[in-house]
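Whenever a hint applies, use it, and build me the whole structure from the sequences.
Protein chains: 2
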Amino acid sequence: MKHPYTMPGLTLGILGGGQLGRMMCIEARRMGITTICLDPSPNPPAKGVADLCIQGDLYDPVKIQELAEKAQVLTFEIEHVNTGYLQTLETQGFTIYPSPKSLQVIQDKFVQKTLFAQANLPVPPFARTYKELNLPFPLVQKTRTGGYDGRGVSILADETQVATKGLEGETFFEELVDFDLEIAVLLARSPSGETAVWPVVEMVFDPATQICTKVCAPARIPAEIEQEAIRVSIGAVQVLDGVGVFAVELFVSNSNSNGAPRVLINEVAPRPHNSGHWTIEGSLTSQFAQHLRAVCGLPLGSTDLTMPSVMINLLGEPGAQGKPTIQGYEQALAIPGLSFHWYEKSLVSTQRKMGHVTVTRPNLEDALRLADQAQNLLTITGEPL
Amino acid sequence: MKHPYTMPGLTLGILGGGQLGRMMCIEARRMGITTICLDPSPNPPAKGVADLCIQGDLYDPVKIQELAEKAQVLTFEIEHVNTGYLQTLETQGFTIYPSPKSLQVIQDKFVQKTLFAQANLPVPPFARTYKELNLPFPLVQKTRTGGYDGRGVSILADETQVATKGLEGETFFEELVDFDLEIAVLLARSPSGETAVWPVVEMVFDPATQICTKVCAPARIPAEIEQEAIRVSIGAVQVLDGVGVFAVELFVSNSNSNGAPRVLINEVAPRPHNSGHWTIEGSLTSQFAQHLRAVCGLPLGSTDLTMPSVMINLLGEPGAQGKPTIQGYEQALAIPGLSFHWYEKSLVSTQRKMGHVTVTRPNLEDALRLADQAQNLLTITGEPL
Chain A
5 MKHPYTMPGL TLGILGGGQL GRMMCIEARR MGITTICLDP SPNPPAKGVA
55 DLCIQGDLYD PVKIQELAEK AQVLTFEIEH VNTGYLQTLE TQGFTIYPSP
105 KSLQVIQDKF VQKTLFAQAN LPVPPFARTY KELNLPFPLV QKTRTGGYDG
155 RGVSILADET QVATKGLEGE TFFEELVDFD LEIAVLLARS PSGETAVWPV
205 VEMVFDPATQ ICTKVCAPAR IPAEIEQEAI RVSIGAVQVL DGVGVFAVEL
255 FVSNSNSNGA PRVLINEVAP RPHNSGHWTI EGSLTSQFAQ HLRAVCGLPL
305 GSTDLTMPSV MINLLGEPGA QGKPTIQGYE QALAIPGLSF HWYEKSLVST
355 QRKMGHVTVT RPNLEDALRL ADQAQNLLTI TGEPL
Chain B
5 MKHPYTMPGL TLGILGGGQL GRMMCIEARR MGITTICLDP SPNPPAKGVA
55 DLCIQGDLYD PVKIQELAEK AQVLTFEIEH VNTGYLQTLE TQGFTIYPSP
105 KSLQVIQDKF VQKTLFAQAN LPVPPFARTY KELNLPFPLV QKTRTGGYDG
155 RGVSILADET QVATKGLEGE TFFEELVDFD LEIAVLLARS PSGETAVWPV
205 VEMVFDPATQ ICTKVCAPAR IPAEIEQEAI RVSIGAVQVL DGVGVFAVEL
255 FVSNSNSNGA PRVLINEVAP RPHNSGHWTI EGSLTSQFAQ HLRAVCGLPL
305 GSTDLTMPSV MINLLGEPGA QGKPTIQGYE QALAIPGLSF HWYEKSLVST
355 QRKMGHVTVT RPNLEDALRL ADQAQNLLTI TGEPL
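Chains as they are written, first to last, in our numbering: chain A, 5 to 389; chain B, 5 to 389.
Worth flagging that the hints you see were computed from the coordinates, not collected in a lab.
A hint or two may mislead.
Copies of the same chain are indistinguishable here, so a pair counts whether it falls within one copy or spans any two.
[To be verified] Straight-line C-alpha distance at most 27 Å; calculated BS3-like pairs for lysine-lysine:
{"no.": "1", "residue 1": "LYS327", "residue 2": "LYS74"}
{"no.": "2", "residue 1": "LYS74", "residue 2": "LYS51"}
{"no.": "3", "residue 1": "LYS105", "residue 2": "LYS67"}
{"no.": "4", "residue 1": "LYS169", "residue 2": "LYS327"}
{"no.": "5", "residue 1": "LYS51", "residue 2": "LYS146"}
{"no.": "6", "residue 1": "LYS51", "residue 2": "LYS135"}
{"no.": "7", "residue 1": "LYS105", "residue 2": "LYS327"}
{"no.": "8", "residue 1": "LYS51", "residue 2": "LYS67"}
{"no.": "9", "residue 1": "LYS327", "residue 2": "LYS51"}
{"no.": "10", "residue 1": "LYS169", "residue 2": "LYS135"}
{"no.": "11", "residue 1": "LYS74", "residue 2": "LYS169"}
{"no.": "12", "residue 1": "LYS146", "residue 2": "LYS357"}
{"no.": "13", "residue 1": "LYS105", "residue 2": "LYS135"}
{"no.": "14", "residue 1": "LYS146", "residue 2": "LYS105"}
{"no.": "15", "residue 1": "LYS169", "residue 2": "LYS146"}
{"no.": "16", "residue 1": "LYS67", "residue 2": "LYS327"}
In structure tokens, the structure reads:
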């Protein structure tokens, strides 16, 4: 640590003040940790819960330096930040977790995948050009940097679509995996290399928007798939020398040559992740508390499941704009085991993540059924400002 | 409701901004409820998490009116408030839960006990004077109003101590119950009379200070005692026509004439309570979230236990003063299943409640053992400002 501290007094600087930063700040309040967020918005979701919000661009060296000077540890809740300047700060002795180096690798999906492949971790076949890839269409094209929530991904049915549906900028191509299931492994790694892994979860995506709509904890998968997914995910975070909470999204597929299920790494997020929101209710340590523990060099908490949990995202309805309003709030709160989470975003838009709910029940089937009820009851619309 | 609302937009006014108000505000943030606290301190524990803190005395009609005008619902986190003015506001159409009437009854322990006795709820024998009580010494003398955490209570060994150790002001006398155990029943009641009860807990008090040091959930008591405690507690809250979360503290004693265990009501708190802090981790709905649901007229949440939990209070060390510092923080966080809660009070003093920790484990014996470890590791001292 560049600055010594006693408790309370440990201050964490967070690049970004969105819902992930917000939920980190709430846990920090409980744990006696002070938080300062840097966010371009004057009124980001973390505003009401952080000790201080600095308004500024996440690429502005002056603002990042200001944040660093006030904190003992720096972290981020979004990957789109000035990694180069974070590296400069690191050489000046500032503590930054995950390290700018791991972030830089993750920011470039092509570099990330190359590193995993070199470490013999299973990834779908990929190459810079579709000719190099040498696989039959359909193929997936991805931008190397900047994509999220389905942005920066294009599925190309045949060679003619490379011209018509191809992406701009630096891209690469990979096999369109015919997966049966998408799962995620959420884990934390401390500066000393200690890891703590939560039970593996299933992720359900909207086929149209590719936004995650539902997460089911634990995943309904055979033990050998779970073990393989955990092995691969710990390997991936070790290869990245990651410190903090990481989410590894994986495909489970039956389509390899000998018919045995295979597990393939899709993407890695170097931070708390939508697939881990269920941990607030469903685990002894939430992903946000765990991230604080990990990046502050504190002992990791127990990742034991307390009860099966299903999380659904509350997204802005198609066409919604203006001030958000919640329909079905009271009815949803009548669902047993339901916890409601609102992110306090001042504006709603189509598919924007406005909040989430988690249903926690003694058995997963009930949690799934009740989460579907909540999904049907709750809609987020907008009204004129 | 005097003011209509849509969600988000429901605003709760809270008289008091101490640790209970703070923990209400944290849950409110999650649930999309706006909070405004009134507190005499410029920097109360709720400051960093409430949407607004008004500085002012809890007996000042002008300040209470200001709070009420900004909110759809009023509640309180401390009993020492201007009940008379709240009654005036209620007649003006403001929604206040628990009602000023129930609060008024609870504020006067003599009136409270009289009401319970009239409803055939079990209370220790009591009377205005020790002569009326007509029981052998030792006896307990209590002030009718204003006592808490052992203040306002005196144990008198014999008649001569009535003069030497007797309390000032309006008091009453009651039997010194030779109890085996102190337990608490935490429950919520909605405006429509729906109740939700958490598992009964054991409370452990420091014999010297009479401050609660440890709470053990669930209580290790026979099922018939648990059922009787719940029956009596629901009865007490119904008699008070209570709305919100209530904690009923009871004595369990073997000392009645036929040797069967008896359950006696000791005190009722008309708000979330120290005996319910464990619900943040150990139950599907925390007492703070449930209080918000109840006073806002929303459906009550599930009070199911997720895992056995033991809570210990973090109190200022004897002689501690100045800026608080935490010793043993990192070591305590290594205890499996431990959650750390800090209240952000700017000054520490002897026995002041500065925070708490909860240890949640698959079995209660482990939770108890680990909570004792935490108790030994953690000390809260002070340093000069």
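Now the hints, each set against the structure:
| no. | hint | verdict |
| --- | --- | --- |
| 1 | LYS327 - LYS74 | between (34 Å within a copy, 20 Å between copies) |
| 2 | LYS74 - LYS51 | both (17 Å within a copy, 21 Å between copies) |
| 3 | LYS105 - LYS67 | within (20 Å within a copy, 54 Å between copies) |
| 4 | LYS169 - LYS327 | neither (34 Å within a copy, 62 Å between copies) |
| 5 | LYS51 - LYS146 | neither (34 Å within a copy, 46 Å between copies) |
| 6 | LYS51 - LYS135 | neither (48 Å within a copy, 60 Å between copies) |
| 7 | LYS105 - LYS327 | neither (39 Å within a copy, 38 Å between copies) |
| 8 | LYS51 - LYS67 | both (17 Å within a copy, 26 Å between copies) |
| 9 | LYS327 - LYS51 | both (17 Å within a copy, 26 Å between copies) |
| 10 | LYS169 - LYS135 | within (17 Å within a copy, 94 Å between copies) |
| 11 | LYS74 - LYS169 | neither (46 Å within a copy, 53 Å between copies) |
| 12 | LYS146 - LYS357 | within (23 Å within a copy, 54 Å between copies) |
| 13 | LYS105 - LYS135 | neither (31 Å within a copy, 80 Å between copies) |
| 14 | LYS146 - LYS105 | within (22 Å within a copy, 65 Å between copies) |
| 15 | LYS169 - LYS146 | within (12 Å within a copy, 80 Å between copies) |
| 16 | LYS67 - LYS327 | neither (29 Å within a copy, 30 Å between copies) |
Checked against the numbered hints given earlier, the structure breaks hints 4, 5, 6, 7, 11, 13, 16 and satisfies all the rest.
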